[in-house]
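Spelled out, the chains give:
There are 4 protein chains.
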Amino acid sequence: MKRIGMLTSGGDCQALNATMRGVAKGLYNTFEDVEVYGFLEGYKGLIYGNYVKMKPSDFSGILTKGGTILGSSRQPFKLIDEPTPEGLNKVEEMKKNYNKLKLDALVVLGGNGSQKTANRLSQEGLNVIGLPKTIDNDIWGTDMTFGFQSAVDVATQAIDCIHTTACSHNRVFIVEVMGHKVGWITLHAGIASGADIILIPEIPYDIAKVCEALDRRTKQGKGFSILAVAEGAISKEVAALPKKERKAAVAAAAAKYPSVAYEVADKIKEYSGMDIRVTVPGHTQRGGSPDSYDRVISSLFGAEAVELIKNKDFGKLVVMRNNEVTAIPMEESAGKLKYVSPDDSVVKYAKRLGISFGDE
Amino acid sequence: MKRIGMLTSGGDCQALNATMRGVAKGLYNTFEDVEVYGFLEGYKGLIYGNYVKMKPSDFSGILTKGGTILGSSRQPFKLIDEPTPEGLNKVEEMKKNYNKLKLDALVVLGGNGSQKTANRLSQEGLNVIGLPKTIDNDIWGTDMTFGFQSAVDVATQAIDCIHTTACSHNRVFIVEVMGHKVGWITLHAGIASGADIILIPEIPYDIAKVCEALDRRTKQGKGFSILAVAEGAISKEVAALPKKERKAAVAAAAAKYPSVAYEVADKIKEYSGMDIRVTVPGHTQRGGSPDSYDRVISSLFGAEAVELIKNKDFGKLVVMRNNEVTAIPMEESAGKLKYVSPDDSVVKYAKRLGISFGDE
Amino acid sequence: MKRIGMLTSGGDCQALNATMRGVAKGLYNTFEDVEVYGFLEGYKGLIYGNYVKMKPSDFSGILTKGGTILGSSRQPFKLIDEPTPEGLNKVEEMKKNYNKLKLDALVVLGGNGSQKTANRLSQEGLNVIGLPKTIDNDIWGTDMTFGFQSAVDVATQAIDCIHTTACSHNRVFIVEVMGHKVGWITLHAGIASGADIILIPEIPYDIAKVCEALDRRTKQGKGFSILAVAEGAISKEVAALPKKERKAAVAAAAAKYPSVAYEVADKIKEYSGMDIRVTVPGHTQRGGSPDSYDRVISSLFGAEAVELIKNKDFGKLVVMRNNEVTAIPMEESAGKLKYVSPDDSVVKYAKRLGISFGDE
Amino acid sequence: MKRIGMLTSGGDCQALNATMRGVAKGLYNTFEDVEVYGFLEGYKGLIYGNYVKMKPSDFSGILTKGGTILGSSRQPFKLIDEPTPEGLNKVEEMKKNYNKLKLDALVVLGGNGSQKTANRLSQEGLNVIGLPKTIDNDIWGTDMTFGFQSAVDVATQAIDCIHTTACSHNRVFIVEVMGHKVGWITLHAGIASGADIILIPEIPYDIAKVCEALDRRTKQGKGFSILAVAEGAISKEVAALPKKERKAAVAAAAAKYPSVAYEVADKIKEYSGMDIRVTVPGHTQRGGSPDSYDRVISSLFGAEAVELIKNKDFGKLVVMRNNEVTAIPMEESAGKLKYVSPDDSVVKYAKRLGISFGDE
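Protein chains in written order, with UniProt numbering: chain P, 1 to 360; chain W, 1 to 360; chain S, 1 to 360; chain U, 1 to 360.
Okay, chain P solo, but in the shape it has when bound (with noise of 0.2 Å):
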């Protein structure tokens, strides 16, 4: 008899529940007994106790279905070490529940985050697996994660809808796209649309050469500009400062703007007099249906969790690796950023289509 616990943590994202049908698939087909557990609101579900008993059925159907059936909370990591509301150490609670439901394994759909806690929870001697979730494909030691894909789908397409205003009416917008602080949705999405300019955070944008990007499109005839603007865009001034004033001048401008590419609107037209229109997706990005793409590797991925429990191999975060699934120590992953390198070849190949990305 096995007993595994299940919960997803942080912002939601297109293939949770294909990745948790991809786990649930396979312990129903490896063990012949086992009982799954499915904590609600992530961590929260796990430091008091709220749980559901899964049934098989409730894996039926839900491979295309966004979001998550267990429902999620922001990971609490940040705070783990300080009491619950109630007075409650949260660490001592979720290993009380882990121990009192008697589970052989947890596995945890998380972020960066929520992969740092479970690699706390697994180094308090839990056997704990994690599965990278997000759409912003920033954690560290795999190539993807689930979720980007479709992100980058419903980026692109909200671009595609954007470019046939543009062009029909000769003017410049930008989309602004998700991504936190790295800039991997934008440069996909940017590519994928034939947007013009691409901003993200790894690589500070000076406005005189955006504008200058945008005035050779007016030379060569082109009437129409599309800025993909990721969210944590940061002008180079800016990044060049020290970390206090530079985190005080991201803070000054969210206050003044609705978000980043408002800002960079404002700054062309004070810097060369254009008009610019903004559209921002925004959370459209994150749901909706997963596209084939991470519906295959989620569900590969949750396979590979299936090989872990059974394997007794824990500790592990779940990665594709040169285009294989398999698995690393949590504690390589846990804490870091998986950020696009300025030298990354896919950024040296969109310089080469001609895409600026406002460095030079």
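Not one of these hints is a red herring.
Using 25 Å as the maximum straight-line C-alpha spacing, the simulated DSS-like pairs for lysine-lysine come out as follows: (1) W:256 to P:267; (2) W:102 to W:53; (3) W:55 to S:222; (4) U:96 to U:53; (5) W:44 to P:222; (6) S:2 to W:351; (7) S:256 to S:269; (8) S:310 to S:102; (9) U:236 to U:336; (10) S:312 to S:96; (11) P:55 to S:53; (12) W:310 to W:53; (13) W:219 to W:267; (14) S:222 to U:44; (15) U:222 to U:351; (16) W:219 to P:44; (17) U:2 to P:351; (18) S:44 to S:55; (19) U:222 to P:2; (20) U:348 to P:310; (21) W:2 to S:222; (22) U:96 to U:55; (23) P:102 to P:44; (24) P:222 to U:53; (25) W:256 to P:269; (26) W:209 to W:247; (27) S:269 to U:256; (28) P:310 to P:102; (29) U:2 to P:219; (30) S:312 to W:348; (31) P:95 to P:53.
A few chain P residues facing chain U, derived, Cβ under 7 Å: (32) 26; (33) 143; (34) 188; (35) 192; (36) 194; (37) 293; (38) 296.
What the hints contain is simulated information worked out from the structure, not anything from laboratory work.
Keep in mind that this is a model prediction, so the values were computed, not measured.
Where a beta carbon is used, it is the ideal one built from N, C-alpha and C, also for glycine.
Position chains W, S and U against the provided structure of chain P, taking the given hints into account.
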């Protein structure tokens, strides 16, 4: 020999090219000898004599293409009797260019403002045919405009995406939907996506009623809610003001908030303390490929325009009435808006389903 | 206290669940106290007393879900007066189960055959409401059935895909479109996808005319052509036969060819030597998520069913007429099919655009 | 001044235009002075000197467009050393036309056969760059070809549609998936769509095992099943035959059945009595717009082709390896097929999830 001019005026939408293709296919198939002239960037092209002689192949492959291959510009009606910056009389220039090309007819794809101008040109003696273009579906005299259903699709998909996140995180989300001064897109996309609350300009909202509706859902054990809010939504208090004060209040809100959804979110928070997320799909709603519904009606509209040209039956606006494509005199429609009636059966049915309009 | 039964009968389609959700939402919102009983697998469930008592949560999240959560089966009308294999009288059993559950009304989601059965039950004294379900749009008395527009979408997308290949390789392609004995889906998907030739049952084709139309395209320098052919398409020769011979001829073709498209391809090849490719999207046309159009009308249909129940206005079929949802007596519709008329304006407009129906 | 030729050869697929746009954008952005020549209908255009001089605007707006703007034709390798109908030596004609245009390089977008021809031209001294085009993903030496992921999307959506019907009616459905002699599309679309059984050429099936797998589902109370069957699927008995007999057996089946899925359906019915429905999405799988994944990799592939041209590094095939775009000598790949290995980790993971391959 027939010589037909064509132009697309006002904000772009999804089936402009499909409609022009319909007109062109119909013309080439009906008349032995026909020349089609496309004026560039809407009425501007007609005023300044900027046009291209179109070939049949120009209309190949554009059935599914968003935007307009002729370009568009805001219609100039408000200022039609003011001279151009160069001091030209706009109406006279348009007549001159129409006559210089010896046109047999001018086909105008446009929304309310553009059709008003078209009507004026008709009154000036030009042979004009209007085609009802707008995502807003607010043209008086037709049950349906092309672009509307495709915009409903995009808005519905956006709300679908938000739905999975709202549900996974137990959040309240507002999705702001386009539609200018009317609520058609919001009404349809709201029903199509299962929104819990729909706010449209024609039914001013009472924030207390909106919060009551949200409260009812909480009491039913539903942790999340979706509001579909029209970009023109207005509160009862503001709607009740005399025109001048109302305009001032709307302007003040527009200065304070990026858009209406943020205002509503603020009011809900103020009234009830609830945290509200906002998503504004914006211009994505008018871009991208037309759906199959729009491709059919735009093709039929184009064919009807050719029937009218064949019968020399000018000064007509092509419309859909009671599920049949037909035509009405332009002056019947010009200058009037088609609003959602609060007594409309669609509103009545939506209320029957438990959807709140924030009015009762 | 109200007790309402519901069943879905006949081939499944895209907005069955959306419609049931509409009925349920309307019921729960209208009556203080209401119980909903779902009969499983269509009339079978009513005959054999297989049902589930539904909870409000059963209708959550099904707005976008294809198929039917109740299951379906072919409607039993043809044999309704023959006993079941167990020797039971079907009508009596259905009445017995209706009465045993003390139902106030039975809501039947079904196509032509299923509505005929519903009418019979109404004549037997049960309180029945019909909802017009079918991708074929062939229910007499309603301008629109739910499922139709979503099926048009799928068929249109299939032809769109074929279009790029046909065009790249200069090939002639037939795409076979569903629709049973009528041509509605083919007519609409054919126009929406820019098909060059449309063959439907209501306009028998002359293969010589079809080949002439193909020839005209070649002469115009167009290297490829697309035929949208209804699964019920029929040639002039066969259509002209007396009923018995006609049935025999159709049966002979059915035995020889996998489906009608292959027969048409063969005839074209025989007549003109042209090589024809065939694609048959088949059942994909009735599956998947309903589009936004179908989700709206099915929600309205569901709400109207509740209006009728509230008003104890039974024996009615909910319909769409002249763009308004309303209801008609079931017996008006029962047993009649709504065909495309060769004089229908849509056909006339399609011909104006140069589309050949193979008849002239 | 650079003069670059380009051609698309073999069956069309979704990102041909996107790839050509990548090459062109890269060329125009890299070289001061460059002329691009497009040969029409694949190698035919090179043999007969049919080409167009391309303008930068020819590549505008084609990123999302399926098919190929240059047209394509089956590659002529098998017969490359036989003369043309006019008695011309194909290789010599291609060299002559290459030299007449003073080309600096020839870029060939094509699959296995076409790359074999490209390699031959390289060996004959032409400067050739290959780009790996095929929905089948069977080009040896690259992890990924452009077109593949988009084809997986279409096949997955088709199975999704079938899923709702299968589930509503408790039916067993076979969906036949493209892929020529290999099982890549079927494997990925099968996993992505939650197919219960996947049959691919590389893992010959035992009909008894297939029926056992169906039986297991019935015993688990699951009323429906989905089989994803590759167009090249083969039974153990036939696969075990010596080559000549095997070919004869395949040919006999091809004569008897419209396609492989019908043969499998027949065998299942014969073995177990079960009724099976068949859907064959066919050519829809290679048409339509490329998805965002394919648009990214095809853009990168195009950029890499330009790098190679810039570095005069010819005789290379652009490939994706370990998630990086790079290039390999053409002769390494030419003439080899990349098969799914029965020991491939994807197959292993799929089996872990309970998917049957009909082999054990």
